[in-house]
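S.K.: Listed below, chain by chain, are the residues.
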Amino acid sequence: MSHVLVTRREGAVLVLSHHNVAARNALSPEFYTAVGHALREAADDPSVGAIVLTGAGGHFCAGGDLRQLVKRRELPVEARRARLEDLHDLIRSVRDCPKPVIAAVEGAAAGAGLSLAMACDMLVAAKDAVFTVAYVKVGLTPDGGATAFLAEFVSRQVLTELCLTGAPLSGERMHALGAVNRLVESGAALSHAITLATEISKGPQKAMGRIKHLCRLTMHHSLEEQLELEAQSMVDAMGSDESMEGIQAFLNKRAPNYIQLREGSE
Amino acid sequence: MSHVLVTRREGAVLVLSHHNVAARNALSPEFYTAVGHALREAADDPSVGAIVLTGAGGHFCAGGDLRQLVKRRELPVEARRARLEDLHDLIRSVRDCPKPVIAAVEGAAAGAGLSLAMACDMLVAAKDAVFTVAYVKVGLTPDGGATAFLAEFVSRQVLTELCLTGAPLSGERMHALGAVNRLVESGAALSHAITLATEISKGPQKAMGRIKHLCRLTMHHSLEEQLELEAQSMVDAMGSDESMEGIQAFLNKRAPNYIQLREGSE
Amino acid sequence: MSHVLVTRREGAVLVLSHHNVAARNALSPEFYTAVGHALREAADDPSVGAIVLTGAGGHFCAGGDLRQLVKRRELPVEARRARLEDLHDLIRSVRDCPKPVIAAVEGAAAGAGLSLAMACDMLVAAKDAVFTVAYVKVGLTPDGGATAFLAEFVSRQVLTELCLTGAPLSGERMHALGAVNRLVESGAALSHAITLATEISKGPQKAMGRIKHLCRLTMHHSLEEQLELEAQSMVDAMGSDESMEGIQAFLNKRAPNYIQLREGSE
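Residue numbers (this note's numbering), protein chains in the order written: chain A, 196 to 461; chain B, 196 to 461; chain C, 196 to 461.
A hint or two may mislead.
A pair holds if it fits inside one copy or across any two, identical chains being indistinguishable in the list.
BS3-like, lysine-lysine: derived pairs with alpha carbons at most 27 Å apart [to be verified]:
id: 1; residue 1: Lys397; residue 2: Lys266
id: 2; residue 1: Lys448; residue 2: Lys266
id: 3; residue 1: Lys448; residue 2: Lys397
By construction, these hints were calculated from the structure, which means they are not laboratory data.
Could you put together the complete structure from these sequences and hints?
M.R.: Right, dumping it as structure tokens:
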């Protein structure tokens, strides 16, 4: 197990906790590798229904490590680029994981830490959490998909201001802007995220994987493209054990039991 | 005339009312055919200025008929797909109709019923209307453009939650999220929709058809593509009888009369 | 200097003020040329950190000049199109200018005046400013990117209503919809815009140019395309004098001084 990532199970929920507390969970190559590995394992483990990603010690993630960045400017362009791809591969891992990934954010989610929080499928945040597109303050530009993820819910005018000034957004403001699924008291983000993840983990696993995929792609699709993707997904789902169970349960006025289907195969 | 679709005129407004009340207006092949037919007729009828789509008996539409869906899983994949295309052709008919289509929603707009409501150009909803992306509850995935239409006004985080949980959204919440043009008291959606449609039906018909098209395509266009489409549309509009009437009326400080232009040809 | 555009400097801020007061700053070929010219000069002048665009006499811009439009319908289609391209080139100039452009809006921002205000990177508006997609009232259709820019922050349902009815939006409503960076008292838009521009002008100029570009393109990109653009931009920024200054200042707990870097070359 990695030193910077502590993993534990809470029933069907896998909790991934960043432990680089002295640096407010600043990012590191070790963290990228460990999270990518954990997400790939979770994808293949039918007992994992949902994943929570959080940071230990009261901060989600302070972003890149500036002491490392100072050294990186001495590297050739190709080497700088390779280090960036490690971050971007992490963002892709969150996107491509077929299980829902929920960010639980306390304290700082700054720079690439903000990107990582916004890359998740859902967001639970403490009221006093602080999201910042901090890059401009040190003469840098956003990475990790920060501009892509923020543009999903703020106007271009606000996006531009946030990225040009690095002004902080509280959890409360992020909730008002529509990007926070559960706004909670300071210190309560992880427990609420686990509750939400537990509830979701009871759903139909294959259908939920398809739904995550649909929700990720729709903002980049024309209506025609999305209708096609929805149709392919629905045709598959119609023949699944999950919909058999779901529809029978509905018609018989009982609760569906999707958990029993997890170990078997269609 | 179809048994499941009652059509009537209110001045220049065509009202289409779904009548499958015992099943809370669950969808049927007969309904798809009847609405598609009515929209094509309305497109060619200069006396129709706008269209209102609603459901009788206190519910907009409960979505797909689960008893039919149970049978459909026995069908070969191609046959399942064909039935889905009937729904998707209905969504395309609403999009492609050159007249504005306004949904008047009371009670349930569930599953493909939500998709149909959101496919319309404008939305009038009762405060206590209930919108749900219900599919996941029975092990299915969204269709009818549900994910495309919701992504136009909610964040990806909220979209994912709605689709993974099937949680209900009230008319009031949909209004707060920005997708409802008129939020009204329970029972008043149809009358307010007709009022809005009547007002709009007085506008310049050809320009309004172009405007609907611009509003539909912009979210899938780059700025350059949309500038091109706006320019083509404007160059046409500049030479139209409608703009002649509109500009002359403005300069002469009188109200324009676009109705007189409807029967003639440019 | 043009008669319809008054330019002045406020420190590092270039203020462009439309002076066609008798016509509530209706657009003219002279204005297009003058703004395009001023923005190109500002792009090349390292002493300009940010630009404010406003209208004199209490109105931002009333849009196209209807008396001119009446004559334009007599022109061949190619000539009509050429005049539209002049407007669209102005919109492109605002987009392509590497310095942030902030609109300061009092009174009317109607038709192409609304397009021009929304084309800017940020927006400062008086509470009682009035934004209207006025075209439909005179039988015309939107241009200048109006439909593209509004779709960035309103639902398709609201976009369609605004464009089909020409209904006015107050500065207050535009702020609630998320498109206004600073909502101010009537008469105070210009002074607040200059304050915001002055603050922003202290930032790292090259990084800010890249950030503006990222913020403009993200809504038209897939996540993969935007990650690529962010990576290219970050790799450049990592090697810049600006990030050297920014990171050193941060590690030494002092304020960065990006102004000193403006005259030099990397």
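S.K.: Decide, hint by hint, whether the structure agrees.
M.R.: Evaluation of the provided hints:
With identical chains, the CA atoms of Lys397 and Lys266 are at most 27 Å apart between copies only, with a shortest distance of 26 Å across copies and 47 Å within one. Taking the closest pair of Cα atoms, Lys448 and Lys266 come within 27 Å of each other only across two copies (18 Å); inside a single copy the shortest separation is 63 Å, beyond that limit. Within a single copy, Lys448 and Lys397 get their C-alpha atoms as close as 18 Å, which meets the 27 Å cut-off; across copies the closest is 49 Å, which misses it.
In terms of the numbered hints stated before, the structure departs from none.
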